[in-house]
Amino acid sequence: MDISLILENWQLFAMGLWNTIWLVTVSLIVGGLLALPLAMSQAFNVPIAGRISYWFSYSFRGTPLLVQLYLIYYGLGQFDFIRESFLWVFLKNAYVCALIAFSLNSAAYASEIIRGAICQVPKNLIETAHAMGMSEFQVIRRIILPIAYRRSIFAYSNEVIFMLHGSVLASTITIIDLLGAGRKLNISYYVTFEGFVTAAVLYMAIVFLISMGFRVIEKKYAIDR
Amino acid sequence: MDVLIEYLPSVLGGLWTTIGLALTSLALAVFFGIVGASCKLSHSWALQTAGGLYTTLIRGVPDLVLMLLLFFGGQIAINELGFATGLWGYIEISPFLAGSFTIGFIFGAYMTETFRGAFLAIPKGQIEAAQALGIPSSSYLRRIIWPQIIPHALPNFTNNWLVLMKTTALVSIIGLQDLVYNANQAGRASREPFLFLMVSFIVFLLLTMLSDVGLRSLSRRYSHKSGE
Amino acid sequence: MKKTLTLVAASALTLMAGLAQAQETTIRWGTEPGYKPFTYKDADGNLTGFDVDIGEAICAELNAECVWVEQDWDGLIPALQARRFDGILASMSITEDRSRVVDFTRPYYVETSQFLGPIDKNYTDDESLNGKSVGVLRGSIQADFIAGARPELVVTEYPSNEEIYLDMIAGRIDIAFVGSIATELGFLASDDGKPFALFGEHYADPEYFGDGVGIAMRKSDAELRDKISQAILTIRENGTYAEINDRYFSFDIWGQ
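Chains as they are written, first to last, in my numbering: chain A, 1 to 225; chain B, 1 to 228; chain C, 1 to 256.
Isolated chain A, as found in the complex (with noise of 0.2 Å):
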């Protein structure tokens, strides 16, 4: 192990790590956003869109997000009329790619947890609430999603940390990220571990972060587990 090699392109790894932070925050965001209306759709069997919902989460669950990652860079630029239209604008770029498939993957599960979690809220809590006459909508906002939030915390938390696991895969579509520094550093210099352990250790860095925060904020929320 050279140290002095890592420390010397210590810009490569700060470049890598920001690509790596950035593209998980921002498909966490995203995911999360889409995660509500197909985890209600389905709780509420919304007739058509709670299928559609079904499928899209169980699809993009049960199949591995290197494949997702691939059509979406690989597949869609095959096709002539996605490359002459507008689309092809955002989907050229490598980053856009990555950013799609990890928020669509990331939406399905978590609205499987969130699914999961409102599907567990207690009945008679909900019947109490309407017997008080709220409105249904109102159940909904002040009873069953303040609830399966609090409840989803924990399962919640694993999907962060797959998601970034999973986003080492940007590095097979040419973003640097963290990983792709470590293989761009090892690639240069001929050489084994250094990258990789140095991209190992950062990436430990950051899940130990993650679980540090979700731990303050389970303290602080989360309900029976």
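If you are wondering where the hints come from, they were derived from the structure by calculation, not from laboratory data. Just so it is clear, CB atoms sit at the ideal spot from N, CA and C, and this is done for glycine as well. Hints should not be assumed to be uniformly reliable.
[What the hints assert, rightly or not] Cβ pair distances, simulated, as ranges:
hint: 1; chain 1: C; residue 1: 121; chain 2: B; residue 2: 211; range: 29 to 35 Å
hint: 2; chain 1: A; residue 1: 141; chain 2: B; residue 2: 13; range: 37 to 43 Å
hint: 3; chain 1: A; residue 1: 87; chain 2: C; residue 2: 206; range: 29 to 35 Å
hint: 4; chain 1: C; residue 1: 124; chain 2: A; residue 2: 29; range: 42 to 48 Å
hint: 5; chain 1: B; residue 1: 20; chain 2: C; residue 2: 118; range: 48 to 54 Å
hint: 6; chain 1: C; residue 1: 252; chain 2: A; residue 2: 29; range: 44 to 50 Å
hint: 7; chain 1: C; residue 1: 121; chain 2: A; residue 2: 18; range: 31 to 37 Å
hint: 8; chain 1: B; residue 1: 3; chain 2: A; residue 2: 96; range: 49 to 55 Å
hint: 9; chain 1: C; residue 1: 60; chain 2: A; residue 2: 211; range: 55 to 61 Å
hint: 10; chain 1: A; residue 1: 85; chain 2: C; residue 2: 118; range: 43 to 49 Å
hint: 11; chain 1: B; residue 1: 46; chain 2: A; residue 2: 213; range: 45 to 51 Å
[As the list claims (entries may be wrong)] In silico DMTMM-like pairs for lysine to aspartate or glutamate, Cα to Cα no more than 20 Å straight-line:
hint: 12; chain 1: C; residue 1: 121; chain 2: C; residue 2: 191
hint: 13; chain 1: C; residue 1: 121; chain 2: A; residue 2: 84
hint: 14; chain 1: C; residue 1: 121; chain 2: C; residue 2: 103
hint: 15; chain 1: B; residue 1: 166; chain 2: A; residue 2: 159
hint: 16; chain 1: C; residue 1: 121; chain 2: C; residue 2: 221
hint: 17; chain 1: A; residue 1: 92; chain 2: B; residue 2: 80
hint: 18; chain 1: C; residue 1: 121; chain 2: A; residue 2: 159
hint: 19; chain 1: C; residue 1: 194; chain 2: B; residue 2: 192
hint: 20; chain 1: C; residue 1: 194; chain 2: A; residue 2: 84
hint: 21; chain 1: A; residue 1: 92; chain 2: C; residue 2: 56
hint: 22; chain 1: C; residue 1: 194; chain 2: C; residue 2: 96
hint: 23; chain 1: C; residue 1: 219; chain 2: B; residue 2: 80
hint: 24; chain 1: C; residue 1: 194; chain 2: A; residue 2: 80
hint: 25; chain 1: C; residue 1: 219; chain 2: C; residue 2: 96
hint: 26; chain 1: A; residue 1: 92; chain 2: C; residue 2: 61
hint: 27; chain 1: C; residue 1: 227; chain 2: C; residue 2: 56
hint: 28; chain 1: C; residue 1: 227; chain 2: C; residue 2: 61
hint: 29; chain 1: C; residue 1: 227; chain 2: C; residue 2: 237
Mind docking chains B and C on chain A? Use the hints.
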């Protein structure tokens, strides 16, 4: 349609690699899981720490990073060790072995938590009672504990298997010719990447659905048994 | 617990026993199959190409059995050092940088590098390329050259040449900087390659591009390296090389 027929045998040939790899990895994961859980549940401080380090490491480092490290680094380490000790000349680790070992090692950590959780779910009183009755530990482990661990572990086990199966796709990055690798190659060669990637997408989806159905009927059987 | 640990160790060893002890008479070549016509896969998924035929000819000359191992380009040198294979037969140029970590056999052909771009854009090889996005193979001589000599270009690095061509067709990159023979006869000869052409100078500056294309070997394998160098000369002299050359090219690529 012609391209599909032309390349389909090669793509589906990769499917066997994927399934073989997934099953081998699962066996290794169960093995590592039992070892890991035994460590974490033992009374020895050193073993507990080792078990803790194992699960923390796997949770902290993305699977692909570990795979690349073990795939390249592991082989160098093994051969350097062989040279240093003079015990073996040089040994080749096939991508299949490296892949199944890495995936088995990674999911061993998740299995560790699964088995540990299932073990802890068994009321302590049962073990104490068995000990009080003078039943030897090998016998109560086999007769009393294991039959109870299985239904407790099954939901998490199922989940681990489903994730493991999808993780096998990563071996395509280290050059193992699995379903994804062959689909990707066929897509490039025929300039129809969408078609062949979609094939692999659907095949994975079918594998997931099949596992879902199979394992659900298994869990029904077990819960039925324990309810008797 | 001790028992368990012994068990772990024992099983680990059995596992490694699956590992084949390599025989003297086997030469394992590492290659990256995205470089038509040098190394590529036919529709049945079989490895084929000029490099592959040369490898087979060398094995035949040395009475050895050839085994082929596929590997992404940037994993080739680490995998060689990890003893995954004995030589890299993947159109790898002999450069000073690489020679610090691996040894090369004598060159078995010579190639130059050129820019590749869409014909209708009429690009020329000068400052008009300023700010254009260029695709190169990660860890290649072409990547080193662009980084060192053409910093005004925006670089995207790819794990294989196939992926450069795919993104060139898709329009994700404006131009690419690639090996000229492989591009001319591989990509440009295909239907998808019709709208594109190589343009500008043939780059061959030894500072970046080295001294021809050779087979990379571990530093500790000097004996095998010399045998292979000799075998390359032998097949060149006895006509086997010309025969293989004519399967793929209309001119002699030996170039020395």
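### Query
Given the hint that residue 194/C pairs with residue 80/A, does the C-alpha gap stay at or below 20 Å?
16 Å, holds
### Message
residue 121/C and residue 191/C were given as a pair; does the straight-line alpha-carbon distance stay at or below 20 Å?
### Response
19 Å, holds
### Message
Just to be sure I understand the hint, the distance between the Cβ atoms of residue 20/B and residue 118/C should be within 48 to 54 Å; is that true here?
### Response
44 Å, violated
### Message
For a C-alpha distance cap of 20 Å, please report whether residue 227/C and residue 56/C respect it.
### Response
Since the Cα atoms of residue 227/C and residue 56/C sit roughly 14 Å apart, the hinted pair holds (cutoff 20 Å).
### Query
Is the distance from the Cβ of residue 121/C to the Cβ of residue 18/A consistent with 31 to 37 Å?
33 Å, holds
### Query
Does the alpha-carbon distance linking residue 227/C and residue 61/C stay inside the 20 Å limit?
10 Å, holds
### Task
Given the hint that residue 219/C pairs with residue 96/C, test it: the Cα-Cα distance must not exceed 20 Å.
With Cα atoms ~14 Å apart, residue 219/C and residue 96/C stay inside 20 Å; holds.
### Query
Keeping to a limit of 20 Å between CA atoms, is the pair of residue 121/C and residue 221/C held or broken?
Given that 20 Å is the threshold and the Cα spacing comes to 48 Å, the pair is violated.
### Task
Would you mind confirming whether the straight-line C-alpha gap from residue 121/C to residue 84/A stays at or under 20 Å?
17 Å, holds
### Query
Quick one, are residue 121/C and residue 103/C close enough, alpha carbons at most 20 Å?
Violated: residue 121/C and residue 103/C sit about 41 Å apart, past 20 Å.
### Status of the given 55 to 61 Å range, CB of residue 211/A versus CB of residue 60/C
Once the Cβ atoms are compared, 58 Å apart, the range 55 to 61 Å for residue 211/A and residue 60/C holds.
### Query
Is residue 227/C within 20 Å of residue 237/C, Cα to Cα?
Distance of about 15 Å is within 20 Å: holds.
Figure legend: structure checked against the earlier numbered hints; hints not met, in rising order: 1, 2, 3, 5, 6, 8, 10, 11, 14, 16, 17, 18, 21, 22, 26.
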